[in-house]
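2 protein chains.
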Amino acid sequence: MDVQHNHKNQQEGDIESEWTDGMVTMMEKQESGLKEPLLLRRRTLNTTSQIAIVGSNVCPIESLDYEELIDGSHFVWFFNVKKCRFYEAFIAYAGCNIVLATAAAAICAYIAPAAAGSGIPEVKAYLNGVDAHSILAPSTLFVKIFGSIFGVSAGFVLGKEGPMVHTGACIASILGQGGSRKYHLTWTWLRYFKNDRDRRDLITCGAAAGVAAAFRAPVGGVLFALEEAASWWRSALLWRTFFTTAIVAVVLKAFIGFCRSGNCGLFGKGGLIMFDLSSTPTTYSSLDLIAVVVLGVMGGIFGSLFNFLLDKILRTYSIINERGAPFKIMLTMAVSLLTSCCSYGLPWLARCTPCPTGIKEECPTIGRSGNFKNFQCPPGHYNDLASLFLNTNDDAIRNLFSGGTEGEFHIATLFVFFVVVYCLALVTYGVAVPSGLFIPVILSGASYGRLVRRFLGSVTDLDAGLFALLGAASFLGGSMRMTVSVCVILLELTNDLYMLPLVMLVLLISKTVADSFNKGVYDQIVTMKGLPYMEAHAEPYMRNLVAGDVVSGPLVTFSGIEKVGNIMHALKLTGHNGFPVVDEPPLTEAPELCGLVLRTHLLILLKGKHFSKDRVRTREQIMKRFGAFDFAKAGSGKGLKLEDLEIGEEEMEMYVDLHPITNTSPYTVVETISLAKAAVLFRELGLRHLCVVPKAPWRPPIVGILTRHDFMPEHILSLYPHLSSHK
Amino acid sequence: MDVQHNHKNQQEGDIESEWTDGMVTMMEKQESGLKEPLLLRRRTLNTTSQIAIVGSNVCPIESLDYEELIDGSHFVWFFNVKKCRFYEAFIAYAGCNIVLATAAAAICAYIAPAAAGSGIPEVKAYLNGVDAHSILAPSTLFVKIFGSIFGVSAGFVLGKEGPMVHTGACIASILGQGGSRKYHLTWTWLRYFKNDRDRRDLITCGAAAGVAAAFRAPVGGVLFALEEAASWWRSALLWRTFFTTAIVAVVLKAFIGFCRSGNCGLFGKGGLIMFDLSSTPTTYSSLDLIAVVVLGVMGGIFGSLFNFLLDKILRTYSIINERGAPFKIMLTMAVSLLTSCCSYGLPWLARCTPCPTGIKEECPTIGRSGNFKNFQCPPGHYNDLASLFLNTNDDAIRNLFSGGTEGEFHIATLFVFFVVVYCLALVTYGVAVPSGLFIPVILSGASYGRLVRRFLGSVTDLDAGLFALLGAASFLGGSMRMTVSVCVILLELTNDLYMLPLVMLVLLISKTVADSFNKGVYDQIVTMKGLPYMEAHAEPYMRNLVAGDVVSGPLVTFSGIEKVGNIMHALKLTGHNGFPVVDEPPLTEAPELCGLVLRTHLLILLKGKHFSKDRVRTREQIMKRFGAFDFAKAGSGKGLKLEDLEIGEEEMEMYVDLHPITNTSPYTVVETISLAKAAVLFRELGLRHLCVVPKAPWRPPIVGILTRHDFMPEHILSLYPHLSSHK
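First to last, the protein sequences are chains A and B.
Numbering that gives the first Met the number 0 numbers the first residue of the first sequence as 0 and each following residue consecutively.
Numbering that gives the first Met the number 0 numbers the first residue of the second sequence as 0 and each following residue consecutively.
Check before you lean on any hint, since a few could be wrong.
Said to hold, decoys possible - Some, not all, of what chain A presents toward chain B, calculated at C-beta under 7 Å:
1) Trp232
2) Ala248
3) Gly256
4) Leu496
5) Ala589
6) Thr617
7) Ser664
8) Thr667
9) Lys694
10) Pro696
Stated by the list, open to error - Listed below are several chain B residues computed to face chain A (Cβ distance under 8 Å; list not exhaustive):
11) Glu226
12) Lys252
13) Leu425
14) Thr482
15) Cys486
16) Leu507
These are calculated hints, taken from the structure and not from any lab test.
Note that CB positions come from ideal geometry on N, CA and C, so glycine has one too.
Okay, chain A solo, but in the shape it has when bound:
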């Protein structure tokens, strides 16, 4: 590095003239030969961090002396050199990217397919009560961590933020289920969390910790958990997430302090505020406000368009991905190649810009990050597109956000970068790699903001960096539809408190505009994945139905003391998770609802084999037999299965007392209650089963059980197709 730097001054006079005239087309490059100046290539490599990290040792020859080449024929040499450099560097670059991408896709496709994508929709669904298959399993956690590292290193246009939220949730879940028996990591004291509510709380805290760690935004993490992740919120939860993110902040701060010496790679950089902008009180006129409103409206449109296109692309991808792991990997490789082509090829088309004078920063940048990548430009010049493409995402965002850099990026550069990142973000999300949406949306939003600033330059005097921030806010608002959390996250990212009113305004406008087109991106993915997510509000047509209208299927009830054979039969034939228990004469005067038993508890009870020959209550014996934690919630996929039971013919004819495991206080609704009200009850209390009791006393004591699926619009509309027209 030092050697190359020393040579720069000698080189300067000779080749500057050829470079300063701007655009060098691909055609010209094709004409050149195969000779290769390694030092030049090394410089390119060293100033582009993605290559720098993965590919800095591609060529071992370093001793070739530069001076020999600078002679009279340097012009011919130059083009000779360029072509070979172009291809070899591209192969090194794209090759490394593809290898990393393939690694990410392979572990994802073969070990834990659930780890693909952001993970935020799944965490959101889990906190709503939908436990998708192995979404929080240890294998998912493993793939999420390493897949995300590989994916980000592979230069994809994707973020690490979503995966970190998912990672946080996975860790919380594993703690919540008392460690992992499979991997011999168990802690006894953790069994106190083995219930639905504590596990849900832990996972909410995990998601908050993920955001807090990803953006170094502790308060933003709390608000993200509140606004986006959690479906049920309690004041205790606010306190717990706050506690979690405070610990995250203190630990982060300690690590950053430890890494200040620079021996932790890129981690030590940036400090607690990742994109610290010099925050000075700014005034804005009403004309500025108009510009901001325009930015917000268009940001909302672009954001909802992003959601629309993403939905289409994901649906297309799912056809490919469903064909098996090799297809997933091939798709990932194709996208990786496309990404490499764009990020490597496009900077060659960009104009070299002379370094601005009177700035503190080094220009061109030496080292891994910075606003001014030299790329193929002569000394004293920089390639603005390379400064965005061939950089870490964090640095690209920092470059775009940085203030007082009006003329640093060409309008064409911004346009190309915006279009490419917007499109790459769309095609990247669906591949089998852990990928977050925050960073791509912020990147495209920031370049969009700077573009708008250029077009509205006559109207507004606000800083271009500020416009980049507002553009990012408008895209986040338009795509993810978060308000307070995005606002606080951006505040904690940039430390620009003075711009809070403008950020709030932009978020309001873009969210409002986008809401008139479609749903937020995470909601959309939840819907696309077919997860039965309960919305906070009942659909309007639900007001025209009563609870009794949608209770489906034949009802399977048990007696308080039931024959084992009947229970086994019911468990085999139905997939129900809850069964009502009805006490009948002679136990009671008339049949009456005793309560609800859960499938998992029935299995544990049957496994215990505490049966009796006659219909007698055996509460005491059963209570002696089972401890308090025997019925605790098992880890996902760890519970007993029906096949695990071995019950003989004789035992089938015996009786078992269900009273000890019956929940005698189930929530009930009368069958004539409005379906909308039942839905609100179901949602607000976070229920899994809701018993529907008859209104008329002469009927059997229970009409049916409402579950989550009974409230899904598809179910209701399949029963009452005419309602879809009212929808």
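Starting from the known structure of chain A, fit chain B onto it as the hints suggest.
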């Protein structure tokens, strides 16, 4: 002002020697005469804002020339002058304060007693479902605004933040009930908000707007509404409060821009960030963390002690206040006099400090605010206690928070200020004046923080201003028990993002410590006022009871078509707000629960006098007669009363069809449901009535109705006294 300034240099050499020796005791002052140097007094007045605002025209003589007095006998003159100045200035100061305090107390005591105090507990109770008498009435709004202005001007140790929250809620409530008929301010379009839920949402937004305006903290406002004010939270509400506070921020910003010229008094000062601290990345060691932990623990203890003492004092005051308006006013005057004595008298005891060298600020301060009040000190010196006492609360906080001012305040000054403000805050809150707790708590916390910094000076190197901020956080956490909202409010007040981890840590510790002693101050006031606030969690002993155990009183039910006389009788005899309607044969085969009617709806129906001679359904006629908005929620205290109905003897024997106004989808629980579960249902859904239905089918179709009062611990423990031991 300019004249006085010019004279300063001439005066300097003469009297400096007498002043620099420090403390001048009260005894000495008593010996002096009555002559009065107006120019000197004017300077004192002008550098102390409370006098400056209210008392700058006390003496009309301005032409007396100063030079005449500076002669050989100036030493004797000096002490002569001081005594008269001391008394006259005190009388002017205390007199103005008492007049203002009396005005505030008078309008409060005679027009709207509900406007006394912070208002946050009442708003919190309203959002929980408790509509305390005239708490959101227009008269309360009027008194809250003007009482708060008078109260703050009177120099009390109280804040404007709580009253601003209450003001916001009042304005929202008035908008929500369609304006005020009494004051001829009505808007037809506002009638769309005339229902419980929309009004609740509006008031939540109003509270958020209050905080946003008071602290210029829009995000803090949203979080305050979420964490402290609201009992029910929906994602739509998050969005609405965010919208509200964004508008507040934009409007505030516009006004601040407009007032930049300085012609809006103190409003234009400070900008959007009230106490802008120069925020620089700071590192802290583990020793610093220990100091912060100590600060947090002690802050938590002081905070909970504050709550404990406040409760005792409020209970004592209520004995005085209950005796009538004159007593309220006298109490207020006494507290005002005490406050004046402290804030005027104590700075005389303080040592004069030479101005620090090499600072940008003017010293001593000229004008209304600043760190260095000259008070009675010679030129080039300042009185540090006067800089805190004789200043606006905002400026005092700014002085304490300002960084790099280690030696600016003497340790004795900080101690005196801390003790006096802590005690004055306690005795001030209960008087009949709108008063907030935020500012006193922040003030005492900030001085406490600086004190701790002094004592732990050997352990920590952190800035004293930062310790003041952390001290304020610890007191807020210890007293109000808010976490995220206080954190964000402090962030938005100070723009000191780098200190976020420390602030979070302090808040966590102080809240945890304080929670082990007593409840948060607002919860405590709600309890003390006897408002039936529903806690988010059911008490543990509720698990041992079932819903049927606590249903109280004789149940009054109506038939679906009921005799008018019966309804009138029931309305007269009971105070119930909801009555179950039971359909009986021949309408149905057996008696069954039809639904619930509300008292207000019954009154409106009876007023309409649509009666029939026989038991027939008259749904269609009734539906024709009443429009959709006839049953809309009336403004508080605006609804029909039983006395308004004039129903003749003959009509009493007629029938009225209750079906059109019956809510046929009431939420129900079976009588055997655990009381804890019923309480969760009641609280989570924000219910007012919960029907308890029997388990056994042969019983009447309804057992009783649970209301808020049935879930109150007092009610339950009065029924089952033995439970109190388990509590």
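Okay, the hints, checked on the actual structure:
Hint status for Trp232 of chain A relative to chain B: holds, with the closest Cβ pair at about 6 Å, below 7 Å. At its closest, the beta carbon of Ala248 of chain A sits 4 Å from a beta carbon of chain B; the interface hint therefore holds under the 7 Å criterion. Interface hint at Gly256 of chain A: satisfied, since its Cβ lies 6 Å from the closest Cβ of chain B, which is below the 7 Å cut-off. For Leu496 of chain A, the suggested interface contact is upheld, since its CB lies about 5 Å from the closest CB of chain B, less than 7 Å.
Interface restraint check for Ala589 of chain A: the shortest CB-CB distance to chain B comes to about 6 Å, inside 7 Å, so the restraint holds. Interface hint at Thr617 of chain A: violated, since its Cβ lies 22 Å from the closest Cβ of chain B, which is beyond the 7 Å cut-off. Taking 7 Å as the C-beta contact cut-off toward chain B, the hint placing Ser664 of chain A at the interface holds, the least distance being around 4 Å. With a least beta-carbon distance of about 6 Å to chain B, the hint placing Thr667 of chain A at the interface is held under the 7 Å criterion.
For Lys694 of chain A, the interface hint holds, the least distance from its beta-carbon to any beta-carbon of chain B being 6 Å, beneath 7 Å. Taken as an interface hint, Pro696 of chain A checks out: its beta carbon lies about 4 Å from the nearest beta carbon of chain B, inside 7 Å. With 8 Å as the threshold, the beta carbon of Glu226 of chain B comes within range of chain A, its nearest partner Cβ sitting at about 6 Å, so the hint holds. Annotation: Lys252 of chain B was flagged as interfacial toward chain A, and the flag holds, the nearest CB pair being 5 Å apart, inside 8 Å.
Because the smallest distance between the Cβ of Leu425 of chain B and any Cβ of chain A comes to about 27 Å, over 8 Å, the interface hint for this residue is violated. For the restraint placing Thr482 of chain B at the interface with chain A, the shortest Cβ-Cβ distance is roughly 5 Å, inside the 8 Å limit, so the hint holds. Evaluation of the Cys486 of chain B hint against chain A yields a held restraint, the C-beta minimum of about 6 Å falling below 8 Å. For the restraint placing Leu507 of chain B at the interface with chain A, the shortest Cβ-Cβ distance is roughly 5 Å, inside the 8 Å limit, so the hint holds.
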